[in-house]
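*Asks:* Residues per chain are reported as follows:
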Amino acid sequence: MSILSYLLGSRKKTASVAKERLQIILAHEHNGRGAPDYLPAMKQEIMAVIAKYIEIDVDKIHVNLDRQDEVAVLELNVVLPEMQVQGKS
Amino acid sequence: MAKVIVVTSGKGGVGKTTTSASFATGLALQGHKVAVLDFDVGLRNLDLIMGCERRVVYDFVNVINQEATLKQALIKDKHCDNLYILPASQTRDKDALTVEGVERVIDELKESFDYIVCDSPAGIEKGAIMALYFADEALVVTNPEVSSVRDSDRILGMLSAKSRRAEKGESPVKEHLLVTRYSPKRAKNGEMLSVADVQEILNVPLLGVIPESEVVLQASNAGAPAIHQNGSDVSEAYGDAIARFLGEERPMRFTTEKPGLLQRLFGG
Chain A
1 MSILSYLLGS RKKTASVAKE RLQIILAHEH NGRGAPDYLP AMKQEIMAVI
51 AKYIEIDVDK IHVNLDRQDE VAVLELNVVL PEMQVQGKS
Chain B
1 MAKVIVVTSG KGGVGKTTTS ASFATGLALQ GHKVAVLDFD VGLRNLDLIM
51 GCERRVVYDF VNVINQEATL KQALIKDKHC DNLYILPASQ TRDKDALTVE
101 GVERVIDELK ESFDYIVCDS PAGIEKGAIM ALYFADEALV VTNPEVSSVR
151 DSDRILGMLS AKSRRAEKGE SPVKEHLLVT RYSPKRAKNG EMLSVADVQE
201 ILNVPLLGVI PESEVVLQAS NAGAPAIHQN GSDVSEAYGD AIARFLGEER
251 PMRFTTEKPG LLQRLFGG
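Just so you know, the protein sequences line up as chains A and B, in that order.
Counting with full-length UniProt numbering, you get residues 1 to 89 for the letters of the first sequence.
Counting with full-length UniProt numbering, you get residues 1 to 268 for the letters of the second sequence.
Fair warning: there could be bad hints in the mix.
[Said to hold, decoys possible] Distance windows between CB atoms, simulated:
| id | chain 1 | residue 1 | chain 2 | residue 2 | range |
| --- | --- | --- | --- | --- | --- |
| 1 | A | Lys-60 | B | Glu-257 | 41 to 51 Å |
| 2 | B | Arg-154 | A | Pro-36 | 11 to 21 Å |
| 3 | B | Arg-54 | A | Tyr-38 | 28 to 38 Å |
| 4 | B | Arg-250 | A | Lys-60 | 18 to 28 Å |
[As the list claims (entries may be wrong)] Okay, derived cross-link-like pairs now, DSS-like style, lysine-lysine, Cα gap no bigger than 27 Å in a straight line:
| id | chain 1 | residue 1 | chain 2 | residue 2 |
| --- | --- | --- | --- | --- |
| 5 | B | Lys-162 | B | Lys-11 |
| 6 | B | Lys-11 | B | Lys-174 |
| 7 | B | Lys-188 | A | Lys-13 |
| 8 | B | Lys-185 | B | Lys-110 |
| 9 | B | Lys-126 | B | Lys-185 |
| 10 | A | Lys-13 | B | Lys-258 |
| 11 | B | Lys-185 | A | Lys-12 |
| 12 | B | Lys-3 | B | Lys-185 |
| 13 | B | Lys-3 | B | Lys-188 |
| 14 | B | Lys-168 | A | Lys-12 |
| 15 | B | Lys-71 | A | Lys-19 |
| 16 | B | Lys-168 | A | Lys-13 |
| 17 | A | Lys-19 | B | Lys-185 |
| 18 | B | Lys-78 | A | Lys-19 |
| 19 | B | Lys-126 | B | Lys-162 |
| 20 | A | Lys-19 | A | Lys-52 |
| 21 | B | Lys-11 | A | Lys-19 |
| 22 | B | Lys-126 | A | Lys-19 |
| 23 | B | Lys-126 | B | Lys-78 |
| 24 | B | Lys-126 | B | Lys-174 |
| 25 | A | Lys-12 | B | Lys-33 |
| 26 | B | Lys-11 | A | Lys-13 |
| 27 | B | Lys-71 | B | Lys-11 |
| 28 | B | Lys-110 | B | Lys-78 |
Everything labelled a hint here was simulated from the structure, so no lab data went into it.
We put the CB at the ideal spot given by N, CA and C, even for glycine.
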């Protein structure tokens, strides 16, 4: 094996990057299939409201829409910073 | 019982028309009576790929609007006796395709043909939905590339939600994956999604792998479907896919790199 391919070998191949990216985006799109158009905007606004009152990393808020037969459940999962949880109790 | 096959992909330029032309021709060469329909109203190209562009008089929309009979509009292929082409209209838009109109044409074709191959336009709008609506089976044409795989996934969603079989609650459209423009060498080097990757992501049974080849452009230049390029990899690969479609078991070819000259000489 040449030195060049040895050096390049340590870098991640683009095909496996492509596969990972596809698996993530397709799982995301399958979840959103049939969800209302306003859902992404609503998620963003809910997150903005929470961020206004609680100092929190927006990435730590998860909004999920689950569908079971006839019922759709909007799930809001907020991880509060430890200091604030202690202060309230 | 006649079967309706849609050749679809979501994304443009992946090889739908090339596949429709070669697949329809291959089925006809096996002795079946085949009609191949161009659903790309406004951007017809199947006529060019089949080499019958100068013989178009009436088109699909003329038949739907009852301005011509199906018999008048069907063009007999110059290579195969039992293959006919129904060209799309070049001047109308996609709204000219109505469910009732397309249904009438397909029902009439079913009376005298074994296979009706529907060449879908790109996209997920009316033309593409009309092409897949009456399908019994679907060939999902996919390039080993992120945008093509994502769009194929989207079209698979359409097949399971928007087809007539889905709407009527019948058994689902039978899906087949056809990976086209494949380069085994680049996949081996990790520069291209492998056939196994694409199949794992889309989760559809693999019908065949068509290798990337200069032959496809040469075939379109000449106006004869690539399957006629006897002895070429592309022709062999389409032949394999058609044999599998008709129920024969054949090992996958063109998924690994061809041995080089030195390897062949020394059996490496």
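*Asks:* Are the hints correct? Go through all of them and say.
*Replies:* Comparing the hints with the structure gives:
Between Lys-60(A) and Glu-257(B), the C-beta spacing of about 47 Å keeps the proposed range 41 to 51 Å intact. For the hinted restraint 11 to 21 Å between Arg-154(B) and Pro-36(A), the CB-CB distance of approximately 18 Å keeps it satisfied. In this structure the supplied range 28 to 38 Å is violated for Arg-54(B) paired with Tyr-38(A), their Cβ-Cβ distance being about 52 Å. For Arg-250(B) and Lys-60(A), the Cβ-Cβ distance of about 53 Å falls outside the hinted range of 18 to 28 Å, so the restraint is violated.
This hinted pair checks out: Lys-162(B) and Lys-11(B) have alpha carbons roughly 18 Å apart, not beyond 27 Å. Restraint check for Lys-11(B) and Lys-174(B): satisfied, since their Cα atoms lie roughly 20 Å apart, inside the 27 Å limit. Note on Lys-188(B) and Lys-13(A): the hinted pairing holds, with a Cα-Cα distance of about 10 Å set against a maximum of 27 Å. Restraint check for Lys-185(B) and Lys-110(B): the C-alpha separation of about 43 Å exceeds 27 Å, so the hint is violated.
Distance check on the hinted pair: Lys-126(B) and Lys-185(B) sit about 38 Å apart at the alpha-carbon level, beyond 27 Å; violated. Taking the CA atoms of Lys-13(A) and Lys-258(B), the gap is near 22 Å; set against the 27 Å cutoff, the hint holds. Of the pairs offered as hints, the one joining Lys-185(B) and Lys-12(A) holds, with about 17 Å between alpha carbons and a cut-off of 27 Å not exceeded. Note on Lys-3(B) and Lys-185(B): the hinted pairing is violated, with a Cα-Cα distance of about 36 Å set against a maximum of 27 Å.
A distance of roughly 37 Å separates the Cα atoms of Lys-3(B) and Lys-188(B); the hinted pair therefore is violated under the 27 Å criterion. About 47 Å separates the Cα atoms of Lys-168(B) and Lys-12(A), which puts this hinted pair outside 27 Å; it is violated. Taken as a hint, the Lys-71(B) and Lys-19(A) pair is broken in the structure, with Cα atoms around 48 Å apart against an allowance of 27 Å. Distance restraint check for Lys-168(B) and Lys-13(A): the Cα-Cα separation of roughly 45 Å exceeds the 27 Å cut-off, and the hinted pair is therefore not satisfied.
Under the criterion of a C-alpha separation no larger than 27 Å, the hint pairing Lys-19(A) with Lys-185(B) is consistent with the structure, at around 17 Å. Taking the CA atoms of Lys-78(B) and Lys-19(A), the gap is about 43 Å. The hint is violated against a cut of 27 Å. Only pairs whose Cα atoms come within 27 Å are accepted, and Lys-126(B) paired with Lys-162(B) is accepted, the gap being roughly 11 Å. Note on Lys-19(A) and Lys-52(A): the hinted pairing is violated, with a Cα-Cα distance of about 37 Å set against a maximum of 27 Å.
Taking the CA atoms of Lys-11(B) and Lys-19(A), the gap is about 18 Å. The hint holds against a cut of 27 Å. Restraint check: the Cα-Cα separation between Lys-126(B) and Lys-19(A) comes to about 30 Å, which exceeds 27 Å; the hinted pair is violated. Taking the CA atoms of Lys-126(B) and Lys-78(B), the gap is about 31 Å. The hint is violated against a cut of 27 Å. Straight-line distance between C-alpha atoms of Lys-126(B) and Lys-174(B) comes to about 21 Å, which keeps the hinted pair within the 27 Å bound.
Pair hint Lys-12(A) plus Lys-33(B) does not hold up; C-alpha atoms about 50 Å apart against a cutoff of 27 Å. With a C-alpha separation of about 25 Å, the suggested pair Lys-11(B) and Lys-13(A) falls inside the 27 Å cut-off, and the hint holds. The suggested pairing of Lys-71(B) with Lys-11(B) is violated, with an alpha-carbon distance near 32 Å, which exceeds 27 Å. This hinted pair checks out: Lys-110(B) and Lys-78(B) have alpha carbons roughly 22 Å apart, not beyond 27 Å.
In this structure, the hints that do not hold are numbers 3, 4, 8, 9, 12, 13, 14, 15, 16, 18, 20, 22, 23, 25, 27, in rising order.
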